[in-house]
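With chain P fixed as given, assemble chain W onto it according to the hints.
Residues per chain are reported as follows:
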Amino acid sequence: MTEPNHNPSPVLRNRVIVRVARSGPIDFGRRVAAIRLFGGRLSMRADLRSLGAGSILLLLAGVIGTVSLASGKFPIPLVDVFRALLGTTDDNIRMVVVEWRLPRLLLAFLLGTALGLSGAIFQSLTRNPLGSPDIIGFSAGSYTGALVVILLFSGGYYATAAGALAGGIVTAAAVYLLAYRGGAQGFRLIVVGIGISAMLGALNAWMIRQADLQIAMSAAIWGAGSLNGLGFEQFWPVLLMLILIVPFVLVLARPMRQLELGDDAAMASGLNANRLRLMLMIGGVALTAIVTAAAGPIAFVSLAAPQIARRLVRAAGVALVPAALTGGLLLTAADWGAQHGFGVQLPVGVMTVSIGGLYFLWLLLREARQ
Amino acid sequence: MTDGSNSRSKRLQAQNVTLRYNQRIIAQDLSVAIPNGSFTVIVGPNACGKSTLLRALSRLLIPSAGTVILDGKTIAGYPAKQVARTVGLLPQTSAAPDGIRVADLVARGRYPHQSFFRQWSHEDEAAVAAAMAATQTMELSGRLVDELSGGQRQRVWVAMVLAQQTPLLLLDEPTTFLDIAHQIELLDLCQDLNAEGRTIVAVLHDLNHACRYATNIIAMKGGGIAAHGPPAAIMTEQLVEDVFGLPCMIIPDPVANTPLIIPKRRG
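One line per chain: the protein sequences are P and W, in this order.
Quick note: the numbering used here has the first sequence finishing at residue 1729, numbered continuously throughout.
Quick note: the numbering used here has the second sequence finishing at residue 277, numbered continuously throughout.
One chain only, chain P, in its complex shape (with noise of 0.2 Å):
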């Protein structure tokens, strides 16, 4: 802009002091950096505490993950765990630590990440914290799917997933058609969310009281979300979904960080906003429902994991990367507790669900005072 040289109101003069004295960058408040590469054509803002809560939050997967390989019915000392991995150990230790722990620590943490994107998504969706799919129902779902196939067709793992997988994404196009209204709205996914949850946990209980003894266990263990017994060959499907849908989700970050603005004020900027939240919704179902096909509905990682990243790197809004690391810490570590705490292994969800149930009272309690 240049300075206009009609009608010079103090008011003027006074911008154009102002425009002079600060000349330097631009005070974010925050610690950032303009990283700019090739003459320009890449270029981004580095926001330094979000890189350093990040690195923070690898490091103690990493160190949480070492131990978990460690410990166990065999305990193995911290050296020859990293002597296993890279494949200088007798066989017998590589077997324990590589093939036996090493596949259920990388699925607790792929896993944990996926919840934490997806948890992340529903809550920038909805610009509520209580806006994660397993309050609005697609657990639930997954859950109703998995139910289905394992009581009517004694399916084994591969049929159950495949239920889990149908029945989380029919919830979540039946909870996205009844919400909407020209255009699917944050509060209304709530709401109508939360009443299919509720539908669909009366089904689901039905269902397991109708069932044998035997087969009503081993589908309430389902349902707990465990871990146990996973191995390579549920880790590599997983591995393979989620480097298709993650990037396409990250893709959809900063249109996400848009939105947040309101409808009018993301349209006005050139975004289509009807088109980016069924997009974002489909990510973010997809997400969940690997996670539930895996493993069966985990709970509580995608409602804690994006509002604990927030407050870690204080973002403005919700902060995806953050979200899915944390919730990779979370998994992991909760999958340790789950597997040594307690003197017997106990399904990871039931120290999800423990210690997101404590998480969940605390948001409520100071949700209502505000």
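Derived by calculation from the structure, the hints in this document are not laboratory data.
Hints should not be assumed to be uniformly reliable.
Unchecked claim - A few chain W residues facing chain P, derived, Cβ under 7 Å:
{"#": "1", "residue": "A86"}
{"#": "2", "residue": "A90"}
{"#": "3", "residue": "L99"}
{"#": "4", "residue": "S104"}
{"#": "5", "residue": "R111"}
{"#": "6", "residue": "D114"}
{"#": "7", "residue": "S125"}
{"#": "8", "residue": "F127"}
{"#": "9", "residue": "R128"}
{"#": "10", "residue": "A136"}
{"#": "11", "residue": "S151"}
{"#": "12", "residue": "G152"}
{"#": "13", "residue": "G255"}
{"#": "14", "residue": "M259"}
What the hints assert, rightly or not - Covered stretches of chain P, going by a simulated chain W footprint (3 or more residues, C-beta under 8 Å):
{"#": "15", "region": "1389-1403"}
{"#": "16", "region": "1615-1626"}
{"#": "17", "region": "1665-1676"}
Said to hold, decoys possible - Simulated crosslink set (EDC-like; lysine to aspartate or glutamate; CA at most 20 Å straight-line):
{"#": "18", "chain 1": "W", "residue 1": "K231", "chain 2": "W", "residue 2": "E183"}
{"#": "19", "chain 1": "W", "residue 1": "K231", "chain 2": "W", "residue 2": "E251"}
{"#": "20", "chain 1": "W", "residue 1": "K91", "chain 2": "P", "residue 2": "E1619"}
{"#": "21", "chain 1": "W", "residue 1": "K91", "chain 2": "P", "residue 2": "E1592"}
{"#": "22", "chain 1": "W", "residue 1": "K274", "chain 2": "W", "residue 2": "D252"}
{"#": "23", "chain 1": "W", "residue 1": "K83", "chain 2": "W", "residue 2": "D39"}
A virtual CB, placed ideally from N, CA and C, is assigned to each residue, including glycine.
Same frame as chain P, now just chain W:
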């Protein structure tokens, strides 16, 4: 005022548009052209369709009949981001995400100029700095938006639209929440931007502000255009009575010599 036959002088116009939300019709068969380089102010009573017209002009609302034309083509035919680089809109209501700081919010105005790979160019930085300087929000730059006063917050939102650097700028009640000094300051700013060549369209409630700052006034009533033209030409006691149902007296503004509306008692 020349007629709309020369489309080069009217970059943005609505032609026989019907505007509706679901079944509720707000405006029917409405035509209006925004003269290039004008400071157009839309006035009218509550719920007469001012904001709806602004939403249609900025492509937020697609008319159910008729078209909105931008630079000779129907606005719906452009890629959304291209429209957003030409027409900026300050909506009446916006939501600031929890915990967002001023500079970050202003920087979001740069969205239509950015891409996945170009997220923060030198131009972005310069535009944000200029927008904050123009709205005097530079000293607020690192503050949390939640902690600002209503007036400060409004200036930050204006800065966000300015950062979008569009030749056409649509503002829906930009002076809401501002005290009288900040209202005048904001209108002065609009006038400066207008003098620099930007076309401004603003919805204002204060008729005297409209008369003083506008080069062109659109008076709306019940979803239609009641009058359209320069303030001195159209602003009559009869018009104010017709549009607002308010008896008044009009005298020359002693400062700017524009029409000054003095309300009288009803009846």
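Results of checking the hints against the structure:
1. A86: At about 12 Å, which exceeds the 7 Å cut-off, the nearest Cβ of chain P leaves the hint on A86(W) violated.
2. A90: Cβ of A90(W) sits 4 Å from chain P, so the hint holds.
3. L99: Since the shortest Cβ distance to chain P is 4 Å, the answer is holds.
4. S104: Constraint on S104(W) satisfied, holds at 5 Å.
5. R111: Holds: closest Cβ of chain P sits about 4 Å from R111(W), inside 7 Å.
6. D114: 6 Å, holds
7. S125: 9 Å, violated
8. F127: 5 Å, holds
9. R128: Interface hint status for R128(W): holds (5 Å vs cutoff 7 Å).
10. A136: 10 Å, violated
11. S151: 4 Å, holds
12. G152: 3 Å, holds
13. G255: G255(W) check fails; min Cβ-Cβ to chain P is 30 Å, beyond 7 Å.
14. M259: Since the shortest Cβ distance to chain P is 28 Å, the answer is violated.
15. 1389-1403: Contact hint for the region 1389-1403 of chain P vs chain W: holds, 9 residues under 8 Å.
16. 1615-1626: Answer holds; 8 residues pass the 8 Å Cβ test.
17. 1665-1676: holds (count 5)
18. K231(W) x E183(W): Status holds; Cα separation ~17 Å.
19. K231(W) x E251(W): With Cα atoms ~11 Å apart, K231(W) and E251(W) stay inside 20 Å; holds.
20. K91(W) x E1619(P): 18 Å, holds
21. K91(W) x E1592(P): 45 Å, violated
22. K274(W) x D252(W): 14 Å, holds
23. K83(W) x D39(W): Holds, at roughly 19 Å.
Consistency with the previously given hints fails for numbers 1, 7, 10, 13, 14 and 21, ordered from lowest to highest.
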